[in-house]
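Taken in sequence, the protein lines are chains L and B.
What the first sequence shows, in our numbering, is residues -9 to 103, in sequence order.
What the second sequence shows, in our numbering, is residues 98 to 209, in sequence order.
Among the hints, erroneous ones may be present.
[Said to hold, decoys possible] Here are some chain B residues pointing at chain L (derived, C-beta under 7 Å): (1) Pro140; (2) Lys196; (3) Gly202.
[Stated by the list, open to error] Listing some non-contacts, in silico: residues in chain B with all C-beta distances to chain L over 10 Å: (4) Ser123; (5) Leu158; (6) Ala175; (7) Gly182.
It should be emphasised that the hints constitute simulated quantities derived from the structure, not laboratory data.
Beta carbons: idealized from backbone N, C-alpha and C, even for Gly.
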Amino acid sequence: KAGVTQTPRYLIKTRGQQVTLSCSPISGHRSVSWYQQTPGQGLQFLFEYFSETQRNKGNFPGRFSGRQFSNSRSEMNVSTLELGDSALYLCASSLGSDYNEQFFGPGTRLTVL
Amino acid sequence: TQLLEQSPQFLSIQEGENLTVYCNSSSVFSSLQWYRQEPGEGPVLLVTVVTGGEVKKLKRLTFQFGDARKDSSLHITAAQPGDTGLYLCAGALISGTYKYIFGTGTRLKVLA
């Protein structure tokens, strides 16, 4: 069974631009969560989507948004990029039931110049 | 603010030594997961523990979930260079504004 895929793997943007990252979960998984990982802050939860609805949200500004499609694929958008947005963005998929095992994709390395 | 503290933060040991990593919180979790992450890659799930007091073994790795489901430990026996990586614990909250909180991480280096 194919794992979680994320595209692109690497991205370089400049301040003020916007970016869209994509995540395809494991087949049959309905929950997709997004995380930001930086050396200083570790892994921080951004939001979770389940059946096309945002079910949980972390403490990030409104510049960070996401959506999920009917096939469970998810996109994350960051507008008005700041230098501090440089990070590894990770997507994790799970069945979405109470017994949750999350499986991570390889991540998208975003560099903001 | 819900926190999941891991200790130690850094660990450098010789091949063949044993080690234990701890994951502690004041929150109660419905389940807890351990991951290992290589540089530039996503975390890879090692194990999920669900029941208080549960012990799971994965070859040389032993995972334990605290009786109160607030803490966990990972013990590695006879560490090998291939065990090198960032170890993360993640707790699934029973209630709260978001489901998972991740530990601060333990960076392990095993020297040959």
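So, going through the hints one by one against the coordinates:
{"no.": "1", "hint": "Pro140", "result": "5 Å, holds"}
{"no.": "2", "hint": "Lys196", "result": "5 Å, holds"}
{"no.": "3", "hint": "Gly202", "result": "6 Å, holds"}
{"no.": "4", "hint": "Ser123", "result": "18 Å, holds"}
{"no.": "5", "hint": "Leu158", "result": "17 Å, holds"}
{"no.": "6", "hint": "Ala175", "result": "27 Å, holds"}
{"no.": "7", "hint": "Gly182", "result": "14 Å, holds"}
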